[in-house]
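Residue numbers (the numbering used here), protein chains in the order written: chain A, 1 to 325; chain B, 1001 to 1348.
These aren't lab readings, by the way, just hints derived from the structure by calculation.
Since no wrong hints were added, every one of them can be taken at face value.
Just some of the chain A residues that point at chain B, by a computed CB distance under 10 Å: (1) L72; (2) Q93; (3) R161; (4) P240.
Covered, in the sense of this in silico footprint (three residues per stretch, anywhere, with C-beta under 8 Å from a C-beta of chain B), are these stretches of chain A: (5) 49 to 56; (6) 100 to 106.
20 Å max Cα-Cα, derived SDA-like pairs, lysine to any residue: (7) A:K252 <-> A:A286; (8) B:K1152 <-> A:R52; (9) A:K193 <-> B:Y1336; (10) B:K1152 <-> A:L45; (11) B:K1149 <-> A:E47; (12) B:K1152 <-> A:G49; (13) B:K1152 <-> A:D21; (14) B:K1149 <-> A:S22; (15) B:K1149 <-> A:D51; (16) B:K1149 <-> A:L45; (17) A:K243 <-> A:S266; (18) A:K193 <-> B:P1339.
Ideal placement from N, C-alpha and C gives every residue a C-beta, glycine not left out.
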Amino acid sequence: MATKTYLQAISDGLREEMRRDSRVFLIGEDIGVYGGAFKVTQGFLQEFGDDRVIDAPLSETAIVGGCTGAALMGMRPVCEMQFSDFVSCAFDQLVTVAAKQHYRVGTPVPIVVRLPSGGGFSGGPFHSQNPEGFFAHCPGLKIACPATPADAKGLIVQAIRDPNPVLFFEHKHLYRRIKGEVPDGEHAVEFGKARVHREGSDISIITYGAMVYTAEEAAQAVADRDGTSVEIVDLRTLTPWDKQAVMASVAKTSKVIVLHEDTHTSGFGAEIAATIAEEVFENLDAPVRRLTAPDTPVPFSPPLEKAYLPQVEDVVTAIEELSAY
Amino acid sequence: MAVAREATPVESAADVRDADLDREDLIQIYRNMLITRGIEERGHILYRQGKIPGSFYTGRGNEGAAVGVATAMRAHDVGAAVQRDMGVHVTRGTEPWRIFAQYMGRVDGLAAGRDGNVHMADLRLGLIAMVSHLPAMMPVAVGCALAFKIRKEHRVAVGWSGDGAMARGDAHEAMNLAGVHRLPVVFVVDNNQYAYSTPNRLEFGVDHLADRAEAYGFEGVLVDGTDVLTVYREAHRAIEKAREGGGPTLLELVTLRMEGHAVHDDAFYVPRELLEAYTKKDPIERYRRWLKEQGVLDEVAEDAVSADVKKLLGDALKRADESPLPAPESVLDGVYAEPEELETPHHQ
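Just chain A, same shape as in the assembly (with noise of 0.2 Å):
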């Protein structure tokens, strides 16, 4: 085991997997010569060579579609989205052709759509966004939103490994930020599979991506006043999601808070909070409560982008609501 951060485990995710799998390659923009625009892949060009660390044009289409066509001949193509926001100009090419590919003609399509993503940093409504939501709606997609460093080599090493298109969001603000134990050499983590990453006994936060952080902040501050005992329950992938797990924890603490960073209306947060009342509503002493962004395009200035983004204040008085119920 070594220290690693979030960004570094998923370079070294990408690196390993390139190093055991001649067919796996890379390409988007800005990728090779100046190493990704948060330097994930820096040094990729150097080791693999041009052919398999490919700069491309500003063509999201023709690079998830280049992807599919390379992934039907036999490649394992990893490409990037520089923020997860332009994932919008491949939408169709995700959604109308990797999609739907193995379902119509049972043909594979085995490639992986890297997408930093969230916000945080004044990226404005551009370069801030979590669009998961769009995409977790659409059948024959897999996604993977990893919280922690070592979940961020495991879950890319298995996106490579995984048959189908997985959409992989990894959290801008947990880059370098977040810092942890990674298993070294071969890791990889199963999708579906939920991590407790707090354990408790009163209240279930469901999250992930960058979310699991500010209700760990919320757990604790609750924890140290009076001792309100929260469990946190990181999902890991959204598709599949682990219901069993999510269950689990709701038998538990029969109270439930649903947080992410994506906005509220039909955002993943919908789904889960519709499972727990059409599954284990006997379970429950309390509605589910969905704390997320506001239905708004992510704003720029700092005031709004954090009256935007779900705060660990917000958790807590969710914790104070909920605990009095």
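The hints should help you fit chain B onto chain A, whose structure is shown.
Frame of chain A, contents of chain B only:
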């Protein structure tokens, strides 16, 4: 002012030899065109019998364009053909009975009832199934070519579009990326002059779609798509050039869509004179005449091919009709691929 090169028509037997075709090839091309038209004509009958769910699309008038290009592809080349290109599937060896089953939404259709019409392909024959959102298959073909370049394989990808779809951004991104990396890909535009009801003059502002190739750093060629041998020769040149590292080519194959956009459309908006002119240029009639003039096909041989195709398609219809409809409970199957599906020689 045209920028693209206009293809010189193939006329003589010497031209044909130059294009690497022997007598057997010439007859095979004729047979594939007859099968292609025969499948779509029988499709109309199936549709009227109520056996085809949804709508029904054909490529009448495009048989020469589709068969010509596919004949120029080698066994290990790949292609993503579009909705007027039944001839590509036929030429690559797709069995007609499976196409009829596809039309009827049966389990033996290439999409096993999950998709219909020409939304099908057998990857083992080097073909990739189209989607409706064209020209979405152009970037996919570029990706195939990228794989060939990375692996240093002497293979070529062919990416098709129609004239209408060339107005969409996928076409630009695909051709630009292919031009930048000089990928082994050939772009084929089936220009049948109409995108549903919209004529060429409302689709693009250049004289010819092939003129655009210049802007991406490769050659564009304007070809009479009703002339199968000229299509073949230009496709052969472009494919072999790509194979030798010469980069992409854009072939614009000009035809006329001889039926409506789909079976519900009577195409009242196509001028009668245009239809009459292209009826005279019917690709199959044209080619049959040429084969007879050149002494490649006599009455006996012609009858033999016709009888053979008739039997093939008659048997195919019968076999397709015996194929069951999919079981309703299978609706959930196959949304996701399983890991073992990648454990094939193709994926390793």
